[in-house]
Amino acid sequence: QFAYILTCVDPANIDTLVKIFNHRFGKGNYFMPGELGGVKVLIDPEKKTDREFVLNKIKTSDRVHKIDLILLVNHSGCGAYRLAGHVFENKDEEEAFHAGEMKKAVALLQKKFPGIKIEVHYFLKVLQKMAW
Numbered sequence: 198q199f200a201y202i203l204t205c206v207d208p209a210n211i212d213t214l215v216k217i218f219n220h221r222f223g224k225g226n227y228f229m230p231g232e233l234g235g236v237k238v239l240i241d242p243e244k245k246t247d248r249e250f251v252l253n254k255i256k257t258s259d260r261v262h263k264i265d266l267i268l269l270v271n272h273s274g275c276g277a278y279r280l281a282g283h284v285f286e287n288k289d290e291e292e293a294f295h296a297g298e299m300k301k302a303v304a305l306l307q308k309k310f311p312g313i314k315i316e317v318h319y320f321l322k323v324l325q326k327m328a329w
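Under our numbering, think of the first position of the sequence shown as 198, with each following residue one higher.
In case anyone wonders, no lab produced these hints; they're calculated from the structure. It should be emphasised that the depicted structure is a prediction, and the values quoted were computed from it without experimental measurement. Certain hints may be false.
[What the hints assert, rightly or not] Cβ pair distances, simulated, as ranges:
hint : residue 1 : residue 2 : range
1    : N287      : A209      : 18 to 26 angstroms
2    : N287      : K314      : 27 to 35 angstroms
3    : P208      : T257      : 22 to 30 angstroms
4    : N219      : K308      : 27 to 35 angstroms
5    : G223      : E286      : 39 to 47 angstroms
6    : T213      : K308      : 25 to 33 angstroms
7    : T257      : V206      : 13 to 21 angstroms
8    : G312      : A209      : 33 to 41 angstroms
9    : K300      : L321      : 14 to 22 angstroms
10   : V206      : K288      : 29 to 37 angstroms
11   : K322      : R260      : 17 to 25 angstroms
12   : D265      : E286      : 35 to 43 angstroms
Glycine included, each C-beta is placed from N, C-alpha and C at the ideal position.
Assemble the whole structure, with the sequences as input and the hints as a guide.
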C-alpha cells in the first residue's frame with residue numbers, strides 16, 4: 198500500500214508524524230510533501246493556483262507510485278489557520294472546525310481521485326499524538 202499524506206509542515210509535528218507513518222507504512226512507502234496549513238490549501242487557499250498546485254502534486258505522485266490511500270492530517274494550533282483569521286474559544290471548537298474542513302476536503306478529493314481511498318486525522322500538537 199502506497200500513501201500520499203497531506204499535512205502541515207509545522208516543524209513541531211514532523212518528527213512524530215514521520216515516526217507514526219514509518220511505523221504504519223514502512224520507510225519509502227508514502228509521499229509526505231507538507232504544505233503550510235495542510236488541508237487549508239485545498240479548502241481555503243490564498244490563491245486558486247495554490248489548490249491546483251497541491252492537486253497536481255497528488256496526481257503526479259499517483260503516476261510515479263500508484264497511490265492507494267490519501268491521508269489528510271490537520272493539527273491543533275495551526276498557524277496558517279490563525280493567519281487566515283480562525284481563532285477558537287476552546288479545543289472542542291477547534292477540533293469541530295477541523296472536522297468540517299476535512300469533510301469538505303474529502304468531498305473535493307473524491308471527485309478528483311475517485312478510485313483512491315481517503316482517510317482523515319487530527320493531530321494534537323502539544324500532546325504529539327493523533328486525536329482521530
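For each hint, the structure was consulted:
Between N287 and A209, the C-beta spacing of about 20 angstroms keeps the proposed range 18 to 26 angstroms intact. Between N287 and K314 the C-beta distance comes to about 32 angstroms, which sits within the given range of 27 to 35 angstroms. For P208 and T257, the hinted distance range of 22 to 30 angstroms is satisfied, since their beta carbons lie about 25 angstroms from each other. Taking 27 to 35 angstroms as the suggested C-beta distance range, the pair N219 and K308 conforms, at roughly 30 angstroms.
Distance hint check for G223 and E286: the Cβ-Cβ separation is about 40 angstroms, which falls inside the suggested range of 39 to 47 angstroms. Look at T213 against K308: about 31 angstroms separates their beta carbons, and that is inside 25 to 33 angstroms. For T257 and V206, the Cβ-Cβ distance of about 19 angstroms falls inside the hinted range of 13 to 21 angstroms, so the restraint holds. A C-beta distance of roughly 34 angstroms is found between G312 and A209, which places it inside the suggested range of 33 to 41 angstroms.
At roughly 19 angstroms, the beta-carbon separation of K300 and L321 lies within the given 14 to 22 angstroms, and the hint holds. For V206 paired with K288, a C-beta distance near 22 angstroms fails the hint of 29 to 37 angstroms. A beta carbon spacing of about 33 angstroms between K322 and R260 contradicts the range 17 to 25 angstroms that was offered as a hint. For D265 paired with E286, a C-beta distance near 38 angstroms keeps the hint of 35 to 43 angstroms intact.
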